[in-house]
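So you can see what is in the structure, the chains are spelled out below.
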Amino acid sequence: MARDVRSTDGVLLRVYESGTRGAPTVVCVHGYPDDHTLWDGVAAELAPRYHLVRYDVRGAGESGKPRERRAYRLEQLAQDLATVINAVSPDRPVHLLAHDWGSIQVWHALSGPWLRGHVSSFTSISGPGLDYVASWWRARLHRPTPRALRELITQLASSWYIGAFQLPLLPELLWRAGLPQRALARKGYLSIPAVADGVSGVQLYRANMLAQLARPRPQPVDVPVQVLAPRRDPFVSRSLQTDIKRWVPHLALRELPGGHWLPRSHPHTVARCASELIDHAEGGREARPLRRARQTGLGRRRFADILVVITGAGSGIGRATALEFAEQGAEVVATDIQAQTAERTAQLASTLGPPASAYSVDVSDGSAVEKFAAVLLENHGIPDIVINNAGIGMAGPFFDTTVADWERIIDVNLWGVIHGCRVLGGLMVAGGAGGTIVNIASAAAYLPTRVLPAYATTKAAVLALSQCLRAELAEAGIGVVAICPGFVHTNIVSTARFVGLDAAAERTVKQRVTELYRRRNFTPERAARDIVRAIERNAALAPVTVEAKAGLLAARLTPGLVRALARTNVAPR
Amino acid sequence: MVSAGAADPADLAKFRELQQLAYAAAQSVAQTLEPGVTEQQAARRVRAYLLDRGVQDWFHTPFAWFGERTAFRGFRTPLQFFPTRRRLTEGMPFILDCAPVREGYVADIGYAGCLGTNRLYEQLMGDLAEYRALILTRVNDRVPLRQIYRDVDALIARQGYDNRHRVYPGRVIAHQVSRVRSRLPKVVAAGFGIRSIQTLVGDLIVERMHHRSPLWADGELSNHPATPGLWAVEPHIGFRDVGVKFEEILVVPEVGRAYWLDDDLPHVRRWHRALAA
Chain A
1 MARDVRSTDG VLLRVYESGT RGAPTVVCVH GYPDDHTLWD GVAAELAPRY HLVRYDVRGA
61 GESGKPRERR AYRLEQLAQD LATVINAVSP DRPVHLLAHD WGSIQVWHAL SGPWLRGHVS
121 SFTSISGPGL DYVASWWRAR LHRPTPRALR ELITQLASSW YIGAFQLPLL PELLWRAGLP
181 QRALARKGYL SIPAVADGVS GVQLYRANML AQLARPRPQP VDVPVQVLAP RRDPFVSRSL
241 QTDIKRWVPH LALRELPGGH WLPRSHPHTV ARCASELIDH AEGGREARPL RRARQTGLGR
301 RRFADILVVI TGAGSGIGRA TALEFAEQGA EVVATDIQAQ TAERTAQLAS TLGPPASAYS
361 VDVSDGSAVE KFAAVLLENH GIPDIVINNA GIGMAGPFFD TTVADWERII DVNLWGVIHG
421 CRVLGGLMVA GGAGGTIVNI ASAAAYLPTR VLPAYATTKA AVLALSQCLR AELAEAGIGV
481 VAICPGFVHT NIVSTARFVG LDAAAERTVK QRVTELYRRR NFTPERAARD IVRAIERNAA
541 LAPVTVEAKA GLLAARLTPG LVRALARTNV APR
Chain B
1001 MVSAGAADPA DLAKFRELQQ LAYAAAQSVA QTLEPGVTEQ QAARRVRAYL LDRGVQDWFH
1061 TPFAWFGERT AFRGFRTPLQ FFPTRRRLTE GMPFILDCAP VREGYVADIG YAGCLGTNRL
1121 YEQLMGDLAE YRALILTRVN DRVPLRQIYR DVDALIARQG YDNRHRVYPG RVIAHQVSRV
1181 RSRLPKVVAA GFGIRSIQTL VGDLIVERMH HRSPLWADGE LSNHPATPGL WAVEPHIGFR
1241 DVGVKFEEIL VVPEVGRAYW LDDDLPHVRR WHRALAA
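Protein chains in written order, with my numbering: chain A, 1 to 573; chain B, 1001 to 1277.
The shape of chain A in the complex, shown without the other chains (with noise of 0.2 Å):
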């Protein structure tokens, strides 16, 4: 549905309704060079649950494109915000969602007379409100360390067309001949703009940026505000769209994989990112990524508000890291094919930091996994961190090796990991979010021995996953983690099948194998460590003992080394 408004000065705002009414109303206010087609996708998503208000800014779309530059100065910007609220929403406060110049405005208005009383929440993609702006550039020449010369620097090379808008008649020409449209194509532009909305909204350039840069006035802003700070936003740097703490006290902050024009390429995100904060401000509870992103500063743990899902988290390495993130501050979901061992190890984790909670997962059933990420999503949400932990060990002659232990290890310890990040992986994907899955492959994967051929098979093959998938899922904004333990005292040997031997010997094989994991004695806290660690720093591939560190460099660097090792026979007898 879609009406004019008559803004104070006479020009007229075409403003467009949809969604629920009655419900809590969201004003979207987009920036430059676009027009309120930019929610699209974001409405559509938001429109079962709000009343949702687009219009087109003055100088875009079908509003009224005043010739004059005055016209587009901020003040008048905040006035025509204020005269669309006011005509959807009169009684009750409404919601800013705002990309680009479009928060630009939402800023200016915020620390102005304009709408006081009429905002419940803002949501800012990409628009620095410029008298942080101002602020922010005199701090940075006031103090010049080599960090903020760096700042400045690469935010001066990303601005630099703001300077060749102040120019007469070369912006008007160069859009009227292509060129601008050509270079936004590059910068990741998703739909072509109209030559007059880029035309007349190089005004919004020349009325206000020295002006409003010459003469900073920071106000405090009082609503609680998100801001969405995509990563690879060639135009706005991340700091000096987030670095208004100072200002504005009921500050969340995210950073999110995207480009500039997140609200198009990520409206999925987007709107659950704002429906958060929306829901929180209307007296709903505070969605754990809000709470996350909310600068809580020193003392917070450094993983608190992450959420952590762990398979085979009943017992060694997976528990030991369960137990880790727990104490960092993480809510961890601990699975396992055996409840009571998931149960037990959230219960530990409970007792080092919030709530954890267990499931019983068969990771080889890709349905029963299915079946899982559902309810995680619906009690939990989407996970920051996917441990892909579970595996089963197994040891012995190749001829040895039945059809049907080739299935159960290849069913557990690779489609285990598969359906892991198949199905876990894909929730944050479509989240939008970013995050880590983190895979516990082995240093068989790259030690080869006769005395392992079906475990190190699997596990190769989870590193080879693992580093494609780490390849794909670069530009989610997704990390992707190879774990190799090396002998890591777990039970592993005890659950462990070797094959080509009857029940005896292979119990006395299990307790010498054991004893000798017991004397090397690298425990599985310490493996949760340096697991940690490893996602911490998004390492590709990470080592853990000794041997694993140094049986990688042997691998890369005497590979024939390896290989004749390969046939030394190991295993105790």
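Misleading hints may appear alongside valid ones.
What the hints assert, rightly or not - Here are some chain A residues the structure puts well away from chain B; computed CB gaps all over 12 Å:
no., residue
1, S158
2, R182
3, R285
As the list claims (entries may be wrong) - Stretch by stretch, here's where chain B covers chain A in the computed footprint (C-beta under 8 Å, at least three residues):
no., stretch
4, 314-325
5, 345-357
Honestly, the hints are just simulated from the structure, not real lab data. Since we're looking at a predicted model, the values are computed, not measured. For every residue, glycine included, the Cβ atom is placed at its ideal position computed from N, Cα and C.
Chain B: place on chain A using the hints.
Same frame as chain A, now just chain B:
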């Protein structure tokens, strides 16, 4: 000589009386512990309490461990068992461990407590109950001590903790005690009374000849069912920076079933209360 004390009810009563006294010492000192007190001060208080009540000698002098030292974190040498100037703070777990000798009777007890509240400590103390039941059942099943040690390890792994008694000299979870009948002077060397050590060494030699050991660990020498006599059993479990233990005497008679010398002990009462609640 090993089992001499076990059979005689009068002797057992004496052992029980001294064990009660040792636990009373630990408990009453525990109640006096305040923030800022050091391990050395706590150990001295236990010592004074017992000397006031007729204790003449020590199997080992009182130990006190505070904070992460209850889980023996970072212990490299036996010297680290001795009380330090570590100070107690609110919410900190502690263990008092003493082994007094009176009229030749020996007690060896361990009391785990906490100043104020600590979730980990509560969890661990609750879980410790299972070990007391498990050890008694398995001893009565005539399972070799080495296997029981491994069963205990398996329970520790299942519960998600780690074995801290393996830090004790010889990795022992228990050792035999018997009446000290030595003529050596009452000298304490390196924290251990030499008369008690003489008794233990005597036991070691005798048992060694039978290819057994008065020390209960997970080695080949413990590959036999419990020998008759008195065993001071001390499962010690740890999680993160908290360790808890109990230590009390298990009676293994020549004939019949083994039993704990006394059930009226602070940790046992605690578990009964928890069950009743």
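Hints versus structure:
1. S158: The claim holds: A/S158 sits with its nearest Cβ about 47 Å from chain B, beyond 12 Å.
2. R182: Correct as stated: the minimum Cβ-Cβ distance to chain B is 60 Å, above 12 Å.
3. R285: 25 Å, holds
4. 314-325: Since three or more residues must qualify, the claim that chain B covers the stretch 314-325 of chain A holds, with 3 doing so at under 8 Å.
5. 345-357: Result for this restraint: holds, n = 5.
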